[in-house]
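The primary structure of each chain is shown beneath.
Number of protein chains: 2
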Amino acid sequence: MPGGPEAKGLTMTRLTIRIDFDDERQIGHGKIRLIEAIGAHGSISAAARAIGMSYRRAWLLLDEVNRMFATPVVDARMGGKGGGAAALTPLGHELVTLYRGIETSAGVEYSARLASLTEHLSTPPSGRA
Amino acid sequence: MPGGPEAKGLTMTRLTIRIDFDDERQIGHGKIRLIEAIGAHGSISAAARAIGMSYRRAWLLLDEVNRMFATPVVDARMGGKGGGAAALTPLGHELVTLYRGIETSAGVEYSARLASLTEHLSTPPSGRA
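These protein sequence lines map, in sequence, to chains A and B.
Using the working numbering, the first residue of the first sequence is number 1, and each one after it goes up by one.
Using the working numbering, the first residue of the second sequence is number 1, and each one after it goes up by one.
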């Protein structure tokens with residue numbers, strides 16, 4: 001087995017954001033990742049496969065997002081020759097771009113301070129007692 | 001009953017961030033809120049009460065954070081006259097400040113775009129079908 005990337009100080013710190021519109025409507029990493037994958041792969045089933053999510057879970061998550069907004073984020077055409085093609089709507093693109101923009105700019109702005117915090121981590125990830 | 005704040009467009013959109021140091025070590029809203037409350041109230045039990053968390057849950061969360069780092073984020077003195085006073089360490093202060101700083105600056109930088117996204121929300125929060 002190779003040495004692995006867990007050398008001292010070399011952690012994979014990542015920032016994730018969540019947008020809470022209200023108590024019931026939230027957008028986080030999982031939904032954004034799914035929407036992006038639909039945009040990249042052109043169907044819900046291919047997107048679910050690509051990110052290792054069950055089709056059912058993908059469908060439910062997407063339905064939840066589509067209900068949040070007055071217009072859908074994904075335009076899904078069930079059936080037909082293509083067997084259920086799906087594409088992002090302009091709102092879907094806007095949502096993904098905004099989410100990733102917030103995430104990236106926060107990560108960039110605070111990368112040095114996050115890195116310095118990382119230096120305080122205990123050496124081995126302590127297991128649960 | 002007064003009109004309530006749920007008038008059209010007036011949602012309480014909030015950004016929350018999560019810092020993942022690795023697969024096992026994460027800092028999110030719940031832990032930060034607890035650490036802040038300990039700083040404000042001077043003991044774990046008072047902090048737990050103030051944020052409506054059980055003492056057991058607060059203790060476990062705090063223990064998880066303290067194990068993440070080489071030095072603790074909260075200095076808790078069990079027993080004694082004060083009955084278990086607790087205070088933030090410099091690392092604890094740094095963690096809270098960094099977390100809230102990222103959250104605030106992301107919210108400020110993107111507030112206009114978040115507000116414009118909010119205008120696309122469906123009018124009533126749709127219940128689950």
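Simulated from the structure, these hints should not be mistaken for laboratory data.
Computed from a prediction, not measured in an experiment: that's the story for all the values here.
Cβ atoms here follow ideal geometry from the backbone N, Cα and C, with glycine treated the same way.
Fair warning: there could be bad hints in the mix.
Sample of chain B residues facing chain A (criterion: CB under 8 Å; computed from the structure) [as the list claims (entries may be wrong)]: (1) Leu15; (2) Met53; (3) Ser54; (4) Val96.
Covered stretches of chain A (in silico footprint by chain B; criterion: 3 or more residues with CB under 8 Å from a CB of chain B, positions within the stretch not fixed) [claimed, not checked]: (5) 12-18; (6) 32-41; (7) 65-71; (8) 89-95.
Any of the earlier hints contradicted here, and which numbers?
The structure breaks hints 2, 3, 4 and 6; every other hint is satisfied.
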